[in-house]
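The lines below spell out each chain.
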Amino acid sequence: MNDARPASRLLTVSQAINEGLRIEMRRNPEVLLIGEDIGALGGIFGVTKGLLEEFGPERVLEPPIAEYGFTGLAVGAAMRGLRPVVELMFSDFVSVAMDPILNQAAKMRYMSGGRFSVPLVLRAPRGSGDHYAGQHSQCLEAWFTHIPGLKVVCPSTPADAKGLIQSAVRDPDPVIFLEHKLTYNREGNVPADDAPIPLGSADIKRSGRDLTIICWSRQMFFALEAAAELAAAGIEAEVLDLRSLVPLDWAAIKESVGKTRRVLIVEEAARRGGFGAELSAQVNEEFYGALAAPVKRLAGKNVVIPFSPGLEEAAIPQVKDIVEAARAACPR
Amino acid sequence: MSSPYSKDLLLGLYSSMVRIRKFEHKAAEAFQQGLCPSRVHLCSGQEGSVAGAVGALDKWDWLTSTHRAIGHSLAKGAPARALLAELMGKATGCCCGKGGGMHLADPEAGLLGANGIVGAGLPLANGSALAAKLRKNGEVTLCFFGDGATNNGVFHESLNIASVWNLPVVYLCENNGYGISTAIEKVTRTPDIVARAKSYAITGLSVNSDNVLDVYATVSQAVAEARAGRGPVLVECKTWRQAGHYYGDPGEYSPAYLATAAEKDPIARYTVYLLENGPQGIGQADLDAVVKAAEDEMNDAWRFALESPFPGPSGLTSDVYAADNDRSVAR
Numbered sequence: 001m002n003d004a005r006p007a008s009r010l011l012t013v014s015q016a017i018n019e020g021l022r023i024e025m026r027r028n029p030e031v032l033l034i035g036e037d038i039g040a041l042g043g044i045f046g047v048t049k050g051l052l053e054e055f056g057p058e059r060v061l062e063p064p065i066a067e068y069g070f071t072g073l074a075v076g077a078a079m080r081g082l083r084p085v086v087e088l089m090f091s092d093f094v095s096v097a098m099d100p101i102l103n104q105a106a107k108m109r110y111m112s113g114g115r116f117s118v119p120l121v122l123r124a125p126r127g128s129g130d131h132y133a134g135q136h137s138q139c140l141e142a143w144f145t146h147i148p149g150l151k152v153v154c155p156s157t158p159a160d161a162k163g164l165i166q167s168a169v170r171d172p173d174p175v176i177f178l179e180h181k182l183t184y185n186r187e188g189n190v191p192a193d194d195a196p197i198p199l200g201s202a203d204i205k206r207s208g209r210d211l212t213i214i215c216w217s218r219q220m221f222f223a224l225e226a227a228a229e230l231a232a233a234g235i236e237a238e239v240l241d242l243r244s245l246v247p248l249d250w251a252a253i254k255e256s257v258g259k260t261r262r263v264l265i266v267e268e269a270a271r272r273g274g275f276g277a278e279l280s281a282q283v284n285e286e287f288y289g290a291l292a293a294p295v296k297r298l299a300g301k302n303v304v305i306p307f308s309p310g311l312e313e314a315a316i317p318q319v320k321d322i323v324e325a326a327r328a329a330c331p332r
Numbered sequence: 333m334s335s336p337y338s339k340d341l342l343l344g345l346y347s348s349m350v351r352i353r354k355f356e357h358k359a360a361e362a363f364q365q366g367l368c369p370s371r372v373h374l375c376s377g378q379e380g381s382v383a384g385a386v387g388a389l390d391k392w393d394w395l396t397s398t399h400r401a402i403g404h405s406l407a408k409g410a411p412a413r414a415l416l417a418e419l420m421g422k423a424t425g426c427c428c429g430k431g432g433g434m435h436l437a438d439p440e441a442g443l444l445g446a447n448g449i450v451g452a453g454l455p456l457a458n459g460s461a462l463a464a465k466l467r468k469n470g471e472v473t474l475c476f477f478g479d480g481a482t483n484n485g486v487f488h489e490s491l492n493i494a495s496v497w498n499l500p501v502v503y504l505c506e507n508n509g510y511g512i513s514t515a516i517e518k519v520t521r522t523p524d525i526v527a528r529a530k531s532y533a534i535t536g537l538s539v540n541s542d543n544v545l546d547v548y549a550t551v552s553q554a555v556a557e558a559r560a561g562r563g564p565v566l567v568e569c570k571t572w573r574q575a576g577h578y579y580g581d582p583g584e585y586s587p588a589y590l591a592t593a594a595e596k597d598p599i600a601r602y603t604v605y606l607l608e609n610g611p612q613g614i615g616q617a618d619l620d621a622v623v624k625a626a627e628d629e630m631n632d633a634w635r636f637a638l639e640s641p642f643p644g645p646s647g648l649t650s651d652v653y654a655a656d657n658d659r660s661v662a663r
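Quick note, the sequences are listed as chains L and H, same order.
Position 37 (the first sequence) corresponds to 37 in my numbering; numbering is contiguous.
Heads up: take any position in the second sequence, counting from 1, add 332, and you land on my numbering.
Hints in this document: simulated from the structure, not taken from any laboratory.
Please note that the accuracy of each hint is not assured.
Claimed, not checked - Here are the simulated DSS-like cross-link-like pairs (lysine-lysine), alpha carbons at most 30 Å apart as the crow flies:
#, chain 1, residue 1, chain 2, residue 2
1, H, Lys-518, H, Lys-465
2, H, Lys-339, H, Lys-596
3, L, Lys-301, L, Lys-254
4, L, Lys-49, H, Lys-465
5, H, Lys-596, L, Lys-49
6, L, Lys-259, L, Lys-205
Every value quoted in this text rests on a predicted model; they were computed, and no experiment measured them.
Throw the hints in and build the complete structure from the sequences for me.
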């Protein structure tokens with residue numbers, strides 16, 4: 001009988017995050033979870049299923065609907081050395097939990113001259129495509145990347161989600177961990193063991209020589225589909241998954257862009273002031289003159305995410321848009 | 333005359349109040365001389381509330397403070413040198429000159445930090461109390477806030493969470509009757525903040541800050557409740573500030589309020605009590621020694637802060653993150 005553990009097996013993003021959390025909670029008794037309905041229900045997306053049963057109500061805490069109150073509480077607990085992982089039911093709800101993030105967690109280390117750390121993780125489902133309309137579908141990563149002191153992680157695959165949540169929990173600084181709702185059920189191979197992935201390391205999900213598609217979260221899957229179509233048309237696109245926006249793996253961007261000299265940035269968030277605009281500026285500042293084509297951005301429309309499915313789909317970049325933009329950037 | 337309290341405790345409370353007042357004289361002087369980059373929020377008149385409440389804590393207990401943090405910090409054990417240096421933005425300040433007067437913090441003194449956002453300390457105190465509860469170490473967290481914070485949503489959220497989770501936290505509302513220039517009557521119809529304890533099914537206690545021993549006794553009772561695992565307690569301490577919102581505040585407070593603030597000066601009242609009653613044999617010489625020690629301490633802090641350097645340029649980008657600052661600050 002072969003009782004060796006499998007090196008990896010298929011898990012969904014949701015199961016992978018669950019496994020990452022479980023490993024970290026077993027590893028460190030001061031890791032605890034705080035979030036609405038994360039206990040018996042396992043969170044409304046089921047990410048924390050079974051954790052209450054294993055770790056008990058002292059470490060899987062279900063607060064009242066009071067996002068400011070429990071996010072602030074988590075900051076205070078983190079300042080005292082606990083490692084709280086907060087789940088916001090939807091990332092949109094951060095509007096009512098913003099002070100603890102903006103003015104407390106992000107600033108505590110700096111304003112105390114390095115005397116306090118805030119090892120806090122804030123997990124929050126993001127993104128459109130599930131017909132929740134404008135107050136439950138936004139991509140707000142640019143809010144967080146704009147705040148010095150925060151780290152911002154946007155995983156795509158199950159393996160990345162597990163490895164990055166493990167690193168986020170071990171990180172000494174506050175990490176905003178944004179999970180795309182429509183990736184939760186995507187399957188992929190996930191290492192069975194401890195597999196932390198350092199924050200700030202991008203990953204080439206597909207290599208290519210003609211064009212770099214910089215992306216993160218769900219749009220990475222769109223970029224992969226587009227790259228397959230482009231390959232059929234003779235264009236080899238490199239898909240660079242940033243995985244974390246802060247810290248940013250500039251070395252990876254530099255290497256890829258140095259090779260392809262063409263850049264397409266794809267993001268789901270609204271275009272105006274999005275993180276893609278920041279990336280575009282940085283690439284232009286460093287590569288102006290070396291680029292074979294202007295940096296191109298594909299992003300969500302500057303609209304409220306609509307409810308009706310057809311309109312909702314039209315609000316964010318689709319695979320065909322990526323193909324079209326890539327072809328325009330790579331004239332044959 | 334006898335007292336239930338020891339001579340050390342009685343003189344300790346006196347010393348705590350006198351040290352705060354002497355320190356704040358230095359802070360005001362520093363501001364007048366242009367040595368403080370920003371305004372200073374003094375607690376003169378409120379020392380009874382500060383010294384009595386903090387005096388009820390053990391050394392290893394924690395507290396969260398407000399923008400009016402000098403007294404809380406000094407009473408809890410943060411060194412006067414580091415506090416005054418911080419007010420001047422010096423590298424030797426308790427936050428290396430990067431926080432300033434509204435952000436005084438000192439983990440070694442159990443000071444989770446002053447806060448520039450009204451009410452923001454309440455959930456932080458809950459988090460600290462949660463840490464104590466999970467670690468079962470008996471620590472209590474004392475959470476200071478003003479009357480102005482009690483109309484903020486986070487007051488409700490925090491007291492409700494602390495109540496339902498039975499957290500070892502003492503909420504201490506220093507009700508000085510004003511939020512900057514806005515009188516409490518204009519912003520709430522509840523004259524007594526302590527009445528709100530009832531809606532969270534927690535214990536509420538009330539006291540006046542002009543009698544430091546009353547504050548000490550009341551907060552000691554609250555701390556004992558919290559430490560025994562009987563959950564949070566809300567204490568309302570009615571108090572009167574003498575210096576306005578900040579030093580040099582041009583706000584037009586009513587003459588009646590200012591007269592009350594002067595009349596209820598906790599240091600003057602406690603001095604009279606000690607000298608007239610002589611509890612545990614305390615006399616003028618004891619008080620003189622306390623005052624002399626406080627003056628010496630603050631003169632030393634003044635020299636230290638004045639002679640200290642400003643932070644060097646490397647301080648700009650350090651401590652944004654624990655490590656790898658060059659990379660994360662650049663991109």
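Violated hints, by number in ascending order, as checked against the structure: Hints 1, 5 contradicted; others consistent.
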